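Enquirer: Sequence lines, in order, name chains A, B and C.
Residue numbers are given in our numbering: position 214 of the first sequence equals residue 214, and the series is strictly consecutive.
Residue numbers are given in our numbering: position 170 of the second sequence equals residue 170, and the series is strictly consecutive.
Residue numbers are given in our numbering: position 57 of the third sequence equals residue 57, and the series is strictly consecutive.
Calculated directly from the structure, the hints in this document are not laboratory data.
Mixed in with the good hints there might be a few duds.
For chains that are exact copies, the list does not tell them apart, and a pair is met inside one copy or across any two.
Taking lysine to aspartate or glutamate and the EDC-like style, the derived pairs with C-alpha atoms no more than 16 Å apart in a straight line are [said to hold, decoys possible]: (1) K87 - E126; (2) K127 - D449; (3) K233 - D220; (4) K87 - E136.
Values in this document were obtained by computation on a predicted structure and should not be read as measured data.
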Amino acid sequence: MILLDEDRLFPTEGRGRELARALFDSVRDLPIISPHGHTDPRWLAGNERFGNPADLFVTPDHYVFRMLYSQGIRLEDLGIETLAGEKSATDPREVWRLFAAHYHVFRGTPSRLWIDHSLQEVFGVEKGLSAETADEIYEQISDCLGRPEFLPRALFDRFNIEVIATTESPLDTLDHHARVAASDWGGRMISTYRPDAVMDPENPDFLNNLKVFSEITGEDALSWDGYLKAHRKRRLRFKAYGATATDHGHPTARTENLSQQAARELFNAVLRDPTDAGNAEMFRAQMLTEMARMSLDDGLVMQIHAGSRRNHSSAIHRRFGADKGFDIPGRTDFVTALGPLLDVVGHEPDMTVILFTLDESSYGRELAPLAGVYPALKLGPAWWFFDSADGMRRFREMTTETAGFYNTVGFNDDTRAFCSIPARHDVARRVDCAFLASLVTSGRLGETDAFEVVQDLTYHLAKKAYRL
Amino acid sequence: MILLDEDRLFPTEGRGRELARALFDSVRDLPIISPHGHTDPRWLAGNERFGNPADLFVTPDHYVFRMLYSQGIRLEDLGIETLAGEKSATDPREVWRLFAAHYHVFRGTPSRLWIDHSLQEVFGVEKGLSAETADEIYEQISDCLGRPEFLPRALFDRFNIEVIATTESPLDTLDHHARVAASDWGGRMISTYRPDAVMDPENPDFLNNLKVFSEITGEDALSWDGYLKAHRKRRLRFKAYGATATDHGHPTARTENLSQQAARELFNAVLRDPTDAGNAEMFRAQMLTEMARMSLDDGLVMQIHAGSRRNHSSAIHRRFGADKGFDIPGRTDFVTALGPLLDVVGHEPDMTVILFTLDESSYGRELAPLAGVYPALKLGPAWWFFDSADGMRRFREMTTETAGFYNTVGFNDDTRAFCSIPARHDVARRVDCAFLASLVTSGRLGETDAFEVVQDLTYHLAKKAYRL
Amino acid sequence: MILLDEDRLFPTEGRGRELARALFDSVRDLPIISPHGHTDPRWLAGNERFGNPADLFVTPDHYVFRMLYSQGIRLEDLGIETLAGEKSATDPREVWRLFAAHYHVFRGTPSRLWIDHSLQEVFGVEKGLSAETADEIYEQISDCLGRPEFLPRALFDRFNIEVIATTESPLDTLDHHARVAASDWGGRMISTYRPDAVMDPENPDFLNNLKVFSEITGEDALSWDGYLKAHRKRRLRFKAYGATATDHGHPTARTENLSQQAARELFNAVLRDPTDAGNAEMFRAQMLTEMARMSLDDGLVMQIHAGSRRNHSSAIHRRFGADKGFDIPGRTDFVTALGPLLDVVGHEPDMTVILFTLDESSYGRELAPLAGVYPALKLGPAWWFFDSADGMRRFREMTTETAGFYNTVGFNDDTRAFCSIPARHDVARRVDCAFLASLVTSGRLGETDAFEVVQDLTYHLAKKAYRL
């Protein structure tokens, strides 16, 4: 049995299918550009073997365990440790069996497509995962993981990754990146400056993080001027490890452009009471504009991921911590919110701000019209819950007519799951090919143009937008 | 002439059409599970003949008369009585002619599909309804209605209904359900506990309703403790008549989890001034959480229908009363609103809360992510204005990738029109078959899986979610 | 080479394509009804030759220059004059070359489809526009423009326009309309009453505009009663020049129904401080209801275009003025906002209010339910950013099932670009044919009905709704 349909995600009939195939053939072997993601830099730095199938597919993947949890399976039984270090299921084989027995609940989801892709293409599995096949497939993957061609750097080469970005806090030591830089490994792994930990007063560790920030930069990050200097210094350090971008995960897209005096006072107020929600929101807003100003100087591309209401269940947050599937989107305004930042950098030809949303109703109404006029704005690809075949299709259908293709930036896999990288790029390429084929067969795009556009969407736009 | 295309609602070409047909063949004869609706229990209790064609198709169906009203036809001329009992058109044949002469305005609407289905499949009509055919079709239906095989229980059998739920207020005597329980009829008709009349302070009869609630339960429903006891008692009475669920039609999805002391004070404030909009909203919010707590005890599944702004035209409301087509949806937030309730019952494996929305922008952004992680949450099918072919398709397209199929609960016909029940289930089954076929032909779902899923969507998920 | 695919925008396969073709053949030669647009009345009044290709395709078209600006091209280099009268590029040939060299950024946009249509169908161009072909095509268009068959009235006849509406402020002298009325030209060009300049206190010229309004009407427009009289008088003047409609471009759809005493006080408050945002919004809201009342008297159809946040970049607004591509939509509420106006005129059978939105999330949730019940309400076609193939398809998919076809009003080209008129109607007709074909092939509409509906959508609904 073959898990994957060769023509998956293409139009289902006639000339559309043929054209999508031809378009896909022209880009399927292009290198992967992965300018935004969350893989662990330790993997490529250390090149140590991955653990076991449960470690690889279940325990770290919030797409997977949230769905299982929604069906009444306890996180403990999936090998998720509590913050206190409790862990019910210690046998990864039991975790894998539980996962396999419930694999049908993933029908119709992107997780299913990614996992089937990894199983077949990375590990050569040719049987559908189920309670019956669980043990056999577990053995097959385990066996692979012990072989040199399944070490992280070997997979990096096999996946044809030209460049991969990881994401680090300013407080990160960047040791893994340093280790890669000092090694003779030829692969390109770069960092991304993600300063949420020192920009979000509502982070419970905020004040302590500022102290560490001071230590790591040698600046007084508890004064406004020192705080800004610390950012500037740290950004340069990240650049030294290849970073070409910053990333900002904020609950809203709100920006502010206060006077420096007002910003200083706000900073001091936030230091006195970081839990004041109004000041915290305004501080994050102001800092986006400060980051934009720094980008004008040091050239780092700015990414704004807005709209996730994190840790919706406080019970789960208290017991298991963040990123446990309880980050729920909410309505997101961009039009008013981005005004102050755009007044400062929106017309700068050398500035790039890439926007991501979890509120699809803003695609056509707000994001495409904004990106379709401000030179600094570009649209990031469909994000998170919408990193899926239908999600990507809707992204193109709702943004292309207003913003075109050339205000978008190609694909981000945005993944923590190393083995899903080729699967995710495969889905994105196929969906774009299907979309382009539908434009051609409905007379909206010339065939020659389509072959040029698909190269841009797959490769050139990401390299250009992220300055890679 | 045949009114219905045998392949209606299927993909229009090739393998997709064939597969949709095959899927549909596998479920077309499954019994109808109707766990949520508004048919009159008197029909099955009394098994008396239905009136005339206008009574059956026009006068009680707000989908039909609102559209005719929008085209300038007066409600009076459609046989709708005013609250004062005025009625211009007393001849149902005239109402029918008016309807028939304007039948073209329903082109492209689900009403048209339902009515054509009822005309052809229930009454054997083979001509399109129009001014020309109005009288002939009127006679044909009238003739049928006089025959025993068109009595309600005969139709119930012919429609292959396994179970049907009606919806009653706590103030309802449940006489019709008692009559069925005492009879030797083998059909299964159950009630649903819909306490809006005693939970919505803005209902003009609220205070009076509480008095009746006291009488009917023997509790003092004008004290907080007595009020809660009255609910608990009445819920058990509904369970005795087969109820497995409660239903809540609220303007928003707001929930609260006040202390019992604060809730008591709120209740007293509401008794003093039920028209205070802020208190009324908070009381409804608190009561959803109280209902959830009771569900934990008595096992009734909870349904929340949120987002309809009722009686948009106060002139029509004053003259004709509620449910006259002027209930208009509005934006609906679920993420913040449901937080308090989910803190209480969201992680309970034995709890089921089924959510319905009239704000499609919340499908992908809020509802699917919430149902895709909270064990207690399930998504109800596309509701009301979206109980239509395109509406159902969008529901699947916007929720499946995040919540999967197994956090949904099958179909509700939600109808007041008895003869439309098979038509509505027919549409739902066809749309699901088309969706599944499209997943298979685009390589996103195995064919064997699709045949299993379609059984679940048609039959098993509804039985399981509603505990039937 | 042919720029246009003969079957563009039709379903891509099988019977759907054939049927769409047949439907289109039945309406492709129907006259154009253009009841809402922004072409310059001077063109048809004076019948003077159009300038040069850049003047025709680039400089006046905000769809075109905003996209070029988003790609880093300065407005000055596109021949856009600053308010101060500065203009960098004086050679239209250079502007044209810049446009041609960037023509690829329009791939997938409606602008591309419109321009290709104009190039091929109006000017006989058979080569794709690019840096290489720029000069040749420039010559070809220039050559055409000098010939009598390319004068405005000749094009009007060739485009088969039955009637075209322009849009004027109450302060406009209507000279061009007077000139047409006095001429022996047989074409029908009518005005539309667009009173924003004297209804929006936040217009910086508001107070001065009221003075001009007084002069032009002979009423004291600085008193409430005189102001209303001035409107009534001026509306009649517009009617004398053929106007059948008013048009209102408001940031929101808010309406109010204050007592005349309260309205008078509001008017006086607004005169004292027109910059008070709250009062300004309430005044616009009140004036929509006043306009509705006047429509009851004089029969002008009312159009409400709500939801554009104008001049998002204050820098561009200060330097170049309005309509420079920086009008960005925002979320728009209709349900609560329209309540007061609908209480006054919503049930009037002789009233027509046509609604337009830039917030697609309101199509199914708010607009279709409202238009599907209020006799006075009709839905305008997909507007502005959504005046595109996918935008129109979504409009039909999201409104038809609830509002049907007969609560819609056909197509508006809404254009400033004379040569794009046939292109835009061509797109609208094709999209409607594709939609109808898809309804027929999926068994939701009879084929005979589809041929009747397509006549209505193309011709009759616009004539009826706009009383033409």
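Enquirer: Look at each hint and say if it fits the structure.
Expert: Right, here's what the structure says about each hint:
Neither within a single protomer nor between protomers do K87 and E126 lie at most 16 Å apart by alpha-carbon distance, with minima of 32 Å and 66 Å respectively. In this assembly of identical chains, the alpha carbons of K127 and D449 lie at most 16 Å apart only when taken from different copies (14 Å versus 40 Å within one copy). When the C-alpha separation of K233 and D220 is checked against a cutoff of 16 Å, the pair qualifies only within one copy, where the shortest distance is 12 Å, while the shortest distance between copies is 65 Å. For the identical chains of this complex, K87 and E136 are neighbours neither inside a copy (25 Å) nor across copies (73 Å), given an alpha-carbon limit of 16 Å.
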